[in-house]
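Dock chains B and C with the ligands against chain A, hints included.
What follows is each chain in one-letter form.
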Amino acid sequence: MGEIKRFMRDDGMIKISRTMKENGWKVKLAAQRLGQELGRQATVDEIAAATELEPEEIAVAIEANRDVDSIYRPVYQ
Amino acid sequence: MEKSDQWRQKMKLIIDSNSQNEAFARTVVAAYITRLDPTLEELADVKTAVSEAVTNSILHGYNNGEGEIEIVCEIKGQDIMVEITDHGVGIPDIEKAMEPLYTTKPEWERSGMGFAFMEAFMDELEVYSEVGKGTRVKLSKHIGDRT
Amino acid sequence: MEKSDQWRQKMKLIIDSNSQNEAFARTVVAAYITRLDPTLEELADVKTAVSEAVTNSILHGYNNGEGEIEIVCEIKGQDIMVEITDHGVGIPDIEKAMEPLYTTKPEWERSGMGFAFMEAFMDELEVYSEVGKGTRVKLSKHIGDRT
Ligand SMILES: Nc1ncnc2c1ncn2[C@@H]1O[C@H](COP(=O)(O)OP(=O)(O)O)[C@@H](O)[C@H]1O
Ligand SMILES: Nc1ncnc2c1ncn2[C@@H]1O[C@H](COP(=O)(O)OP(=O)(O)O)[C@@H](O)[C@H]1O
Ligand SMILES: [Mg+2]
Ligand SMILES: [Mg+2]
Numbered sequence: 260m261g262e263i264k265r266f267m268r269d270d271g272m273i274k275i276s277r278t279m280k281e282n283g284w285k286v287k288l289a290a291q292r293l294g295q296e297l298g299r300q301a302t303v304d305e306i307a308a309a310t311e312l313e314p315e316e317i318a319v320a321i322e323a324n325r326d327v328d329s330i331y332r333p334v335y336q
Numbered sequence: 008m009e010k011s012d013q014w015r016q017k018m019k020l021i022i023d024s025n026s027q028n029e030a031f032a033r034t035v036v037a038a039y040i041t042r043l044d045p046t047l048e049e050l051a052d053v054k055t056a057v058s059e060a061v062t063n064s065i066l067h068g069y070n071n072g073e074g075e076i077e078i079v080c081e082i083k084g085q086d087i088m089v090e091i092t093d094h095g096v097g098i099p100d101i102e103k104a105m106e107p108l109y110t111t112k113p114e115w116e117r118s119g120m121g122f123a124f125m126e127a128f129m130d131e132l133e134v135y136s137e138v139g140k141g142t143r144v145k146l147s148k149h150i151g152d153r154t
Numbered sequence: 008m009e010k011s012d013q014w015r016q017k018m019k020l021i022i023d024s025n026s027q028n029e030a031f032a033r034t035v036v037a038a039y040i041t042r043l044d045p046t047l048e049e050l051a052d053v054k055t056a057v058s059e060a061v062t063n064s065i066l067h068g069y070n071n072g073e074g075e076i077e078i079v080c081e082i083k084g085q086d087i088m089v090e091i092t093d094h095g096v097g098i099p100d101i102e103k104a105m106e107p108l109y110t111t112k113p114e115w116e117r118s119g120m121g122f123a124f125m126e127a128f129m130d131e132l133e134v135y136s137e138v139g140k141g142t143r144v145k146l147s148k149h150i151g152d153r154t
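Protein chains in written order, with this note's numbering: chain A, 260 to 336; chain B, 8 to 154; chain C, 8 to 154.
If we strip away everything but chain A, and leave its shape as in the complex, we get:
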């Protein structure tokens, strides 16, 4: 079974928090680019096709991106 796991996965020890932030940026950039190309706001399915993320993963990714943004915002809570 260990071999099945190794065969299926090659992403090893990377922490998910990092990947989620990267996905957040991918989504943000894709949404901007698609918005310009289409002349309207891109939809989740369009962004999913461009980023190869699942629609549900996009919802998680934009949340991670929000966390990145908030680092640069003053603490107000």
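Hints were generated in silico from the structure; no laboratory data involved.
Watch out, some of these pointers could steer you wrong.
Under the rule of at most 20 Å between Cα atoms (straight-line distance), these lysine-lysine pairs were calculated in the PhoX-like manner [as the list claims (entries may be wrong)]:
1) B:K83 <-> B:K112
2) B:K17 <-> C:K19
3) C:K148 <-> C:K83
4) C:K83 <-> A:K280
5) B:K145 <-> B:K103
6) C:K83 <-> C:K54
7) C:K17 <-> C:K54
8) B:K145 <-> B:K83
9) C:K17 <-> C:K148
10) C:K83 <-> B:K140
11) C:K54 <-> C:K19
12) C:K19 <-> C:K103
13) B:K19 <-> C:K148
14) C:K19 <-> A:K274
15) C:K145 <-> A:K274
16) C:K145 <-> C:K83
17) C:K17 <-> C:K145
18) C:K148 <-> C:K54
Okay, now just chains B and C with the ligands, sitting in the frame of chain A:
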């Protein structure tokens, strides 16, 4: 949860009342409604409204103490309905509570704009509450008005 | 849901049995356990196991028909427990069902490897089932180094 109507989909989420779960709750609702192919802006609107309602349950309903928050999300065609329920202290005067800038926690630097935001970012807002029993906030929105 | 212990956190998700909710369910569990900052591999392991269990409830438990699936996720320290419950047909012989390559739906091109994957990707797997009542699968895993 009935599923008699092909177009009716429903999910229920139950979380503990704590601030870490506020981000989780809005992410779950956002993930659920991605099946309606919203724009990121529509997602952000719904997330803001859900956040405000869940934050109210945590801060006001349970006064930052223990409790459960229930979030039901229903989809019918392109319409979504999100219901956030707590079993906390309840609201004595709902009309007053919903007035912009009204807050009972000025010492916590609350803005009193939570209900105003929910109203602004969603199509419909209904609030039910009973003192000592709890509060239910019902948020509705149509997804997909592309102009 | 008691919260007597600071380190104990719990959430419950109830979804309709349909294949669209399979991706949703695994995403929700993944989003929940993100607070433990797992590695990509740990998260992928949990998502795979949850997927297999939810798919089983949809395909076998409810035979692709209507029904509800309940997913409870608990966190205690760095340990997670995910319980997937359906009220479907149940499993007559659990031991046999858990054998690698065993499937009752070869005509649907099922591999019979679902339980084997759950066992491989999680630390613990327990299956409870009663014919005519339903099935509960309990998956546990420690996140992070044990050393
Ligand atoms: N779930 C709730 N339980 C009890 N009281 C609530 C709840 N939600 C709102 N309230 C009351 O309504 C008031 C206004 O809420 P809101 O507009 O969100 O402003 P704020 O949260 O900044 O005080 C709160 O100050 C509180 O008194
Ligand atoms: N939730 C369930 N309800 C009823 N039967 C189940 C359930 N989960 C698994 N089974 C039974 O156990 C067998 C083995 O499951 P699994 O290892 O996932 O293989 P597969 O799904 O490919 O058939 C299934 O074919 C089915 O007969
Ligand atoms: Mg508020
Ligand atoms: Mg299977």
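Pair hint outcome, C:K148 versus C:K83 [Cα-Cα no greater than 20 Å]: 11 Å, holds
Agreement of C:K17 and C:K148 with the hint, judged by alpha carbon distance not exceeding 20 Å: 15 Å, holds
20 Å Cα cutoff - pair C:K17, C:K145: 14 Å, holds
Distance restraint between B:K17 and C:K19, which requires alpha-carbon spacing of 20 Å or less: Holds, at roughly 14 Å.
Proposed proximity, B:K83 with B:K145 (alpha carbon, max 20 Å): 15 Å, holds
Hint consistency between B:K19 and C:K148 [alpha-carbon to alpha-carbon, up to 20 Å]: It is violated: about 25 Å lies between the C-alpha atoms, which goes past 20 Å.
Hint consistency between C:K83 and C:K54 [alpha-carbon to alpha-carbon, up to 20 Å]: 19 Å, holds
Proposed proximity, C:K103 with C:K19 (alpha carbon, max 20 Å): Violated, at roughly 30 Å.
20 Å limit on alpha-carbon distance, applied to hinted pair C:K145 and C:K83: 15 Å, holds
Hint consistency between C:K145 and A:K274 [alpha-carbon to alpha-carbon, up to 20 Å]: Roughly 25 Å between the alpha carbons, so the hint for C:K145 and A:K274 is violated.
Satisfaction of hint between A:K274 and C:K19, Cα-Cα up to 20 Å: Since the Cα atoms of C:K19 and A:K274 sit roughly 25 Å apart, the hinted pair is violated (cutoff 20 Å).
Restraint status (C-alpha distance of C:K17 to C:K54 at most 20 Å): Distance ~18 Å between C:K17 and C:K54 Cα, so the pair holds.
The structure fails to meet hints 1, 4, 10, 12, 13, 14, 15 from the earlier list, while all remaining hints are met.
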